[in-house]
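The lines below spell out each chain.
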Amino acid sequence: MSTRLIDLVHITKSYDDNTVLDDMNLYIRENEFLTLLGPSGCGKTTTLRIIGGFEKPDQGTVLFNGQDITNLPPNKRQLNTVFQKYALFPHMTIAENIAFGLKIRNKSKAYINDKIKYALKLVNLDGYENRMPDSLSGGQQQRIAIARAIVNEPKLLLLDEPLGALDLKLRQDMQYELIRLKNELGITFIYVTHDQEEALTMSDTIVVMNQGYIQQIGTPEKIYNEPENAFVADFIGDSNIIDSIMVRDELVEILGAKFACVDKGFGTNRPVDVVIRPEDVDLVKPEEGTLQGVVTHLIFKGVHYEMEVTANGFEWLVHSTDMFPVGTKVGIRVDPYDIQIMNKPSSEDEEAVGINE
Amino acid sequence: MNKPVRKKAPAGVSYFNQKAMTAPYLFWSAAFIIIPLCMIFYYGLTDRSGAFTLENILAIASPEHAKALWLSILLSIISTLVCLVLAYPLAMILTAKNVSHQSFIVLIFILPMWMNFLLRTLAWQTLLEKTGVINSILSFLHLPSLDIINTPYAIVLGMVYNFLPFMVLPLYNSLTKIDPSVVNAARDLGANGVQTFCRVIFPLSIPGVISGITMVFVPALTTFVISNLLGGSKILLIGNVIEQEFTQASNWHLGSGLSIVLMVFILINMVLTAIFDKKGEGTAL
Chain A
125 MSTRLIDLVH
135 ITKSYDDNTV
145 LDDMNLYIRE
155 NEFLTLLGPS
165 GCGKTTTLRI
175 IGGFEKPDQG
185 TVLFNGQDIT
195 NLPPNKRQLN
205 TVFQKYALFP
215 HMTIAENIAF
225 GLKIRNKSKA
235 YINDKIKYAL
245 KLVNLDGYEN
255 RMPDSLSGGQ
265 QQRIAIARAI
275 VNEPKLLLLD
285 EPLGALDLKL
295 RQDMQYELIR
305 LKNELGITFI
315 YVTHDQEEAL
325 TMSDTIVVMN
335 QGYIQQIGTP
345 EKIYNEPENA
355 FVADFIGDSN
365 IIDSIMVRDE
375 LVEILGAKFA
385 CVDKGFGTNR
395 PVDVVIRPED
405 VDLVKPEEGT
415 LQGVVTHLIF
425 KGVHYEMEVT
435 ANGFEWLVHS
445 TDMFPVGTKV
455 GIRVDPYDIQ
465 IMNKPSSEDE
475 EAVGINE
Chain B
8 MNKPVRKKAP
18 AGVSYFNQKA
28 MTAPYLFWSA
38 AFIIIPLCMI
48 FYYGLTDRSG
58 AFTLENILAI
68 ASPEHAKALW
78 LSILLSIIST
88 LVCLVLAYPL
98 AMILTAKNVS
108 HQSFIVLIFI
118 LPMWMNFLLR
128 TLAWQTLLEK
138 TGVINSILSF
148 LHLPSLDIIN
158 TPYAIVLGMV
168 YNFLPFMVLP
178 LYNSLTKIDP
188 SVVNAARDLG
198 ANGVQTFCRV
208 IFPLSIPGVI
218 SGITMVFVPA
228 LTTFVISNLL
238 GGSKILLIGN
248 VIEQEFTQAS
258 NWHLGSGLSI
268 VLMVFILINM
278 VLTAIFDKKG
288 EGTAL
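As given, the protein sequences belong to chains A and B, one line each in that order. Residue numbering for the first sequence follows my numbering, starting at 125 and increasing by one per position. Residue numbering for the second sequence follows my numbering, starting at 8 and increasing by one per position.
Simulated from the structure, these hints should not be mistaken for laboratory data. Take these hints with a grain of salt, some might be off.
[Unchecked claim] Mimicking DSS-like on lysine-lysine, the simulated pairs with C-alpha atoms at most 30 Å apart in a straight line are:
1. K184/B with K227/A
2. K200/A with K137/B
3. K306/A with K293/A
4. K26/B with K209/A
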């Protein structure tokens, strides 16, 4: 266990009557790449702005290395932000942009020049010192924004959907670049995005948020393979979420058919939600399957085929490298460890569970 | 992504040559800008017999004219600076307000402009008179009276009052164009409020400042109504001198000559501001 860099303790924030964050608790370890993931309006950007000092929580404290920084203005915090729209100073050259934070702190000219060179090399934009920001492409501007932040050697870098405005190819390149930067610099990253793929690719830890509540905290693998509730399962990747009954430990009844599973402790004959990823559904001969169905849709996706199979009144989403034409009768089989059992939310409120980890 | 396609004129309009569409404007500028300007140059460079002369231009060197010009420039510069100092904080407050409040405050500022300019200035005359409203209140409160009517102070006051909106609006315009996240970025990079203002907000508002200075300085330099009403007949600005040449002395030649000199000073102002605005960010409004 490494030390905690940021601690959010009982953070509540509302605008007018709209509660954006409700009693949120979260800590971020040193050197962690943590992603706040969720749909727009889930409170992830507000969380980032509270850490950055641009918003004050209505209640709760923000601790930085154990010290209360809740009321500290942004310029007094040992962290830097990369903004969604780059926010480069349009009246300054690239070099002046990067030097901004260093000049404020009265660093020597030689030090600043060294740092500019170093930072531009780090983001692969050597020789851009004298260009103006608006002569750069979006991806280049974003890299300058990152360079401008990291020359200040912050302990923590906040990134607010920094790749949102870039096209797909550039976004993927920048993802690798960010991972590389993080490993080279050893800075803690807090990354905000609504793009689940981005979150899975880059993060050490993902925090899934919805409606101001943390839904689940975990590694990308854990979030993807063992979602704790239907929201997380649905938000991260495609999934089949099915109303089922937990017959007893290690046996679940899905759409009338009994499947072996690995989960225990849900009691007997309890209604649960079951998540099965489309790539975990095995299509076999009808007589070999636990359930029988008919292929109703077939799309070629490149890496795999995407099929819809209607079985016992439910449309199963299936990803497979084997192709079954529309109308084929198939059997459905799922390996026990590919079945993820989740408790049903017992009330509206719990639909968005606050988890204190 | 679709590339923006330059729209072609609809079929019905294509009958007209696009240049033909500018005809009304060309006519307007020829009739009311170019021709009058030529006439001013004609009168300014000739004497009553119609012979070419530079006398009307050089007349600016005579002590009374030079004094009037100097006083005009001085008062205009002072008024412009006062306007800038008053307008900048106001424009910043405006920018920080939410939209519904913004339009209300802008309305309050524009509202006086809906009233006649002469009327507003006359109102100030009544307010400032030795036995006027302000002095009545002051004497009622046993405070020393305010004797600024018929002094340059009253003229500056009138100029600032009348031209302040012309400073506020371009400033407000350029301040609202500053992306708030740029300001946040400056704070994030360690700049305190003053540093953020000096290094980011003010430099980015320069186009508005330039535009505001021009829009206040030019009318202030040429005004004769404000100096007539608030300066009495004692204080002559270059505007008054020119007006008198036309209306009282009926010497159109001298009046035009002095106007040309004044135009040169306005051009100098514009060149200077253009140099400050070197990045060609254009002027707001």
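Against the structure, the hints come out as follows:
1. This hinted pair checks out: K184/B and K227/A have alpha carbons roughly 26 Å apart, not beyond 30 Å.
2. Proximity of K200/A to K137/B is assessed by CA-CA distance (about 55 Å); at most 30 Å being required, the pair is judged violated.
3. Using a Cα cut-off of 30 Å, the hinted pair K306/A and K293/A holds, with the two alpha carbons roughly 20 Å apart.
4. Straight-line distance between C-alpha atoms of K26/B and K209/A comes to about 41 Å, which puts the hinted pair past the 30 Å bound.
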